[in-house]
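Residue numbers (our numbering), protein chains in the order written: chain C, 1 to 716; chain A, 1 to 675.
Calculated from the structure, these hints are not laboratory results. No experiment lies behind these values; they were computed from the predicted model shown. C-beta: ideal position from N, C-alpha, C; glycine also.
Selected chain A positions facing chain C (in silico; Cβ < 8 Å):
1. P127
2. F398
3. L399
4. M400
5. G401
6. F456
7. Q460
8. A499
9. G521
10. V567
11. L569
12. P571
13. Y672
Derived BS3-like pairs (lysine-lysine); straight-line CA-CA distance at most 30 Å:
14. A:K204 / A:K367
15. A:K496 / C:K118
16. A:K433 / A:K496
17. A:K616 / A:K659
18. A:K548 / A:K85
19. A:K211 / A:K225
20. C:K631 / C:K523
21. C:K361 / C:K458
22. A:K558 / A:K496
23. A:K367 / A:K381
24. A:K204 / A:K93
25. C:K101 / A:K496
26. C:K101 / A:K414
27. A:K659 / C:K361
28. C:K118 / A:K462
29. A:K414 / C:K118
30. A:K225 / A:K379
31. A:K477 / A:K506
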Amino acid sequence: MAKTETEKETPKMKPRPIVRLGIFLISHSFLVSVVCCTAGVLALLLLPVLAKNTYISENALMPGSASSLLSNHDIAEANRLVNELSSLNLERKDAGIESQKILARYMSDLGAEVSYHKFHPPQNHFHPLHFFSSPHSGIIGENFSCSSYGVNTVGIIRSPRGDGKEAIVLVTPYNFGRSDSSETLSLSIAYSVFSLLSRVTWLAKDIIWLIADSQYGEHESVAAWLRDYHTPSFTGLVSLNADACVEGNNLYISKDNSVVQGKISDGFGRAGTMAAALVLKVTDRNGLWDDTLSIYAEASNGQMPNLDLINIVNYLAVHRQGLHVQIQKFWSDLDLKWLEFLGKTFELLGKVARSLNPNWKFGIPASDYIEGTTTLASSLYYQALGIPTGPHGAFRDFQVDAITLEISPRVSSNNKARRNEFLLRGGRLIEGVIRSVNNLLEKFHQSFFLYLLTSPSKFVSVGVYMIAFALLVAPLPLVAASLYADANELDFGMKNDKYTPMDTASNEINITFRSWKWLSAAKEVFVVHIWGVIVLLLPYFICQMRDWSPTTSFVSWVFLAMLSLLILYLILGSPFSHGYSLEKGEWAMLKSVTISAIFIGLLLMSVVNFATAEIGALLMVPMSLMAQPLKPDIRAASLRSFFRVICNLVLGFVAFPPVTFFMLKGIFEGPDCINLGDFWNWLESLWAWNSATYIYIGMVHLPCWVLCIHILLHSC
Amino acid sequence: MSIRPIDAMAIPLKSAHFLIFLLLVSNIFTPIISLGSTIDQEREEFYEELLLRPLPDRKVLAHFHFQSTAPSSNSNGRHHHLFPKAISQLVQKFQIKEMELSFTQGRWNYELWGGFDPISSSNAKPPGVELWAVFDVPQDQVDATWKNLTHTLSGLFCASINFLESSTMYSAPQWSFRPATGNIRYGMLPREAVCTENLTPWLKLLPCRDKDGLSALMDRPSIYKSFYHSQRLHLTSNKSGPEGMNPGIILEQTLTVVLQPNSQRTSVTYSGEKNVQPSWSLSSIFGRKVSGRCVLAKSSNVYLQLERGLVAELKKNKNNGVGNIASEGFWSGTGFELSVRPDKVFEEENSSHRRGSSVLFEFSIDKYSDSQPFDLGLKWKFPVTWSSEPAPLHASRFLMGSGNERGAIAILLKSADLNDASLGTCSSSNGYKFRVDVFQVVPWYVKVYYHTLQLFVNGQPKAVGDVIETIHVSPSKDKISPGVMEMVLQFPCDVKSAALTLEFDKGFLHIDEYPPDANQGFDIPSAAISFPNFYTSLLFPGNCSVDKSPMLSKFQEKNPVLSYTEVLLVPLTTPDFSMPYNVITITCTVFALYFGSLLNVLRRRVDEEERLLKSKAGKTTPLSGLLSKLSAKLRGRPQETPQSPSNSSSLISSKLLLKVFLVAVLAVAWQYYFG
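Okay, chain C solo, but in the shape it has when bound:
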C-alpha cells in the first residue's frame, strides 16, 4: 500500500506554483466560468459608469481659441449661390450639369482651382478574396455605359503661404438633379466657409471641397474620388477625356468663359497628403428643441477616427455654437424596465459609495446611464457590423481621419432670418474645426483610436472595455482543459478520487491511446469549419442569379448549405456514426475542441474588429459552456436537468445568426415587419462592404453553433 502510494505521488511531486494555480482553476472550472461570465456581462453593463470624460489630447489643436471670422457677408454670398441653383429648372435633363457649372463658376470666382472628376459607379460584385485589401485599386467595369457616370466637382484652395504638403477635405454629398432643400443648405454652409477660407491668411494646409455626386450613393462617389486620388491609372487618362460620351464634354467650361483668377482644369485636381476630412450633411429631421448635430464616425470593420477629431467637433459645437450634439443610438424611445432598474441600482451604489468617502466619484444618474447604455449599444453594433455609417468610411480606408457631421435645423428652413442664423452656426462650426485641424503640425496621433463612445463627451478606452471581453473568454480555455482532462481521465492530483490502481504498463498505453483521441474530434471540428467556408462562398453563386428576390435567395442559400453539410458528411464520414460514439467521453472531447476553436476564433476576431468579437462572445460563450447532450438530462428528469435543458435550448436557439437577427429586428422595429429576405439583404450588405463580420459569421460563429447543436443532440 505504501509502495503504491509513493508510485502515485511521484508524478505530482514537483508541480510548480504557477502550474498548481492552473490546475486549481481547471479543477474548479465550473465555478470559475460562472463567475467570469457573470463578471464579464456585468463589466459590459458597467461600462457607461466607467466612461471617462473626453479631453483634447493634442495641444496644437487649440479649438475655439480664435474668434470666428465667418460673417453675414459670406452667408449672403452663399444665399446668392443657392438662389441661382434653385432657380434652375429641375425638370430639364441637363439640370445637373447646369448646377455643376454654376458651382464651378462660383468656386473659381473665389480663386479656387476647380476640376471635375468623372467616375463610373462600380457594380455590386462579390469579391471573396478582397476582404482585407481595402482600397481595391482601379477595378473598373469594362462594360460601363455612357449614361451611368457621376461627376464630382472639386475645388481646391491653395494656402497662400503654405507649402502644399497637406490638405483638409470638406465633402458635401449633393444629388445633382434630384436635390432637396436640405442638401442645398449643406452646400451653402460649405460654400460660405469656402469663400471665407479663400480670403484668410492663416491657412497652412490646402482645402479641398468635394461636392460628391450622390446619385449613385454618397459613399460610392467619395470612394471613387479617393481611389483616383491615390491610385490613378495613367493609361485611362486620355481615353476618359476623349470619351465617346458627348454630353460629358460640354461640361468643361470653355476658357474664355471663366474668369482669370480661378481656373477650371480638366485634369485631376490634387493637393498633398490628407490630414483630415469632414463630411457635411444637412437633414430635415427636425430636432425637438434645438439645432442638432449628429456625429457619425464608424468606418469599415469598426475602425474609428482619432478621438481628438470628435472631441474638437463636440467642443466647438457645444461650447461655441450651442448645438445639441448626439451620436447615433437606437431605441431612444424604447423604455427598458430592467435597464432603468440597473441604472437606479448603480446610482444608489454610487450614492452609498459617496457617503462612505466623498472622493469616490462612482455612479451616474439613472437617466444618464440609460442614455449611455443605448449609445454604447449602438456604438458596439455599428462597429460590429463593419459597415461605414457614412461617406467618411471611404477616407478611413486610406488612413485619413474623417467623420460625418449631420446637422438638422430646429424648424424647417422657410424663415429667412432663422435660416441665416442656422447657416452661420453651421459655418462657424466647420470653420472652427478646419482652423483647429489647420493648426495641427503632425497628423492625428495623440488620442485614442480604439474606443467606444457612451455619449459625445464620454468614452471608454480600449484598456477598460477589453476587461469585459477578457472576462467573457477567460473560462473557455479552462473549461476546454478540464473537459479534456475529464475525458482522458487524467488526474491532476487535486481530486480526491479513489481509483483502484491499475497495472502501470496498461495504464500508460491507455493514456497514450486516449491522449490522441482528440484528433478525431478535431477532424470533426475541422470538417464543420470547412463547411462554414463553403457556406460563406455560396452567395457568390447565388448572386449570379440576378432576378432572384431576397427571400428566394435566402431560402436557396439555406437549402444549399444544408445540402453541402449532408454531402460533406457522406464524403468525410458522418460523426454521428462514429466508432467512438459509444464511449462516454466522446462528446466531452468534441466540446473541448469546439470550445478551443471558439476561443481562437474570438481572439482573432477581437484583433480585427473588437465589437464583433464582443457581441459574438456574448452569444457564443454561454451557449458553448452550457452545451451538454440532452438525452441524459431528459432521462434524469430532475428539476436541475430540466432547467439545464431549457437553458440549452434557449441559448442554442438565440445564437443561431438568422434567429438573432430576426429577434433584434422584431424587438426594435415591431414583430410585423419581419421578412425572410431581410436577412439576405443584411448579409449582402456585409459582403458588399467587405466586412470582416461576414467572415466571422461564416467561419467561426456558424460552425461553432452547428457543433454545439451537435453536442446537444449527441446520443450517449
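Fit chain A to the given chain C structure using the hints.
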C-alpha cells in the same frame, strides 16, 4: 529682325531713329557681354534695381535685384569698400566658383504667374532652403569643403543650413541640374521656416542695409504677408582664369515677392467688376515710398514690366478703340495710367515664335528725395484679362498608394497650352524630339526601386528605352547617402501628357533618427524639371542703359526653362515614443522569468529532492506539508503539527479561496483609501 527702341523722352525724329539703329546694330555685332556687367578693374560697384510686374490673378510681383561686384582681392588687400567682407572671405576660404542659396516661403504658381520668363525659372525656388555650390578644389576635398561651407552659412544666415552637412542630405548631380564639373554639391531643406531673422543678415550684406534706397521698401509685415517670397543669394567668382572673364566676385542678391494689392472688397461682390485689376502703388503694396537712392549705388532703377500676354491684350483693345499709336507713347492711352512718367520704355525684340513682346518702363530714382519721394502707381482703366506664358510642360508630382508599407512617386507632365505655338517649334529647331531633364533626390528612408520606373506618354505605356535617352541613378545607401535620379527624356513633339511612376518602400528609422514632430511625415524634396530646348531670355534692344543694368543683362542670358515640383510628404511608420518605457518593462519581465527559471533548473537536484520527499512521505503528504510551510512562513510562526491528510485538500482549497479573497479585498481597500 525688327528693332524698335522707343525713347519716351526723345522727340520722334527719323534721323535720330536711324542713328540709334546704327548704334544698335554695331552694338549687337560686337561680342555680347558674357556675364552680367563689366567689372571695373579697380572699383567695387553696387547696383540696385526693382522690377514690378502685374500678375494675371490680381497680384503684383516685386523683384528686388542687388548686385555687388568686387575685383579680385589682391588689388587692394583684404579690405573692401562696398563689398561685404563676410562673403569675400567665404569665397576665399572655400574656393567657391559659384554658389546659390535661397530661402523660400510659399509656392510659385507656375500656371498663373508664368513659367517661361527669367524670373520664374531662376527665382522661383522650392519651399525651404536650397543650396548648391561649385567648388574649385580637388575632388577629394569637395565634401569636406561643403560641410564647412554649410556651417559657415548657417551661422551667417541664422538658419539650420548645417543640417545639410550630413551626407544623407546632399547629393552630387552629374549633369542634369547644371552643366557643371563634378565639383557641384546640392542640398535642400524643405521644412526650413523662413523668417525675418534670415532676411536681416541678408540685408546686412547690402551697403545701405535697408536704410536707404530701394531696400528701404522692404517693410517686414508686408513682405511676410506675401503669397510667395524668395530671398536668394547668388555668388560667382572668377579668378583671372584663361577664359578672359574679368576676375573678381559678383554677389547677386534678389528678393522676389508676390503681393496682393489692398483692393476694396467691393470689387469681389459686384460680379461686373470682377475682371478689373486692382490699382496699386508702391506705397499701397509696401506701405512705404522710395525716398531717394542708395548713394553708394552706381545705378538705382525701378522697372515696370508688362508681360507679353498683357501687351498683346492691350494692343488689341487699343486697335479696337482709337488706334493712333504713333502720336502718343505706347504706355498712355491704353488700359492703364502711370502716376510717374517713365524715363525710358523698352520693347522686347520680338522673337518669331512668341505671341507678343513684353514692354519695360524704366524709372530712374536718382532725382527723388525725402521731400519728393518716388511712389509709382498703376491705375487700370478698364478690365483686362490675360494669362502668363506657362512652361512648355506643366510638371506636378504626387504620391500614390496608401498605407505604411509602400507607395509610388508619380511625376505628371502636362502640356500647358495645346494651341500654343511654342511646342510646335520643337520640330523645327531640334530634330523631332522634345527634351525634358529630370533631377530628383530622394532621402534614403524612402527606398525607391528604380527598376519599377514606368512611363506613360499620352496615356499609353511606353517602354523605358523609347523615351529615356540618358539616365543616371545612384541608389540610396541606408543612412549614408540619398538616392539620386537624373534623366533625359525625349518626347515626341505632340506630347500632351506624360507620366512617370517609381515605386518605393518605406523604410524604418532608428528611434533616435526621428526628427522632432515625427508624426508629421517626411519630406521628399522638390524635383527639378528643366527643358533644355527652351530658353528664357528677354532680349531688349541693345542700348547702353540696358547693358549697364545687371538685372536686364541677367534677363538676356540664355538659360533653359527650369521649374520645380511640389514637395511631397510621406507618412512613415512612427513608433509610439513612450514605447521605450514599455519595452524596457516588458523585456525586464521576460528576462527575469527566463533567468529565474533557468537558475531554478540548474540549481535543482532531482534525485535528492525525491529522496527527501520519500523520507518525508511517511509523515505528511507533500502538498499539505508545503502549504503548511507556506502558511507558517506567512504567519511567521513555527510550523504547526501536520494535519491529517484525509480532510486536507478540500479544506485547504476553501481556505486558499478565502485567503485569495481576503488579499483581494485588502488590495481594493488599499487602492481606494490610500491610492
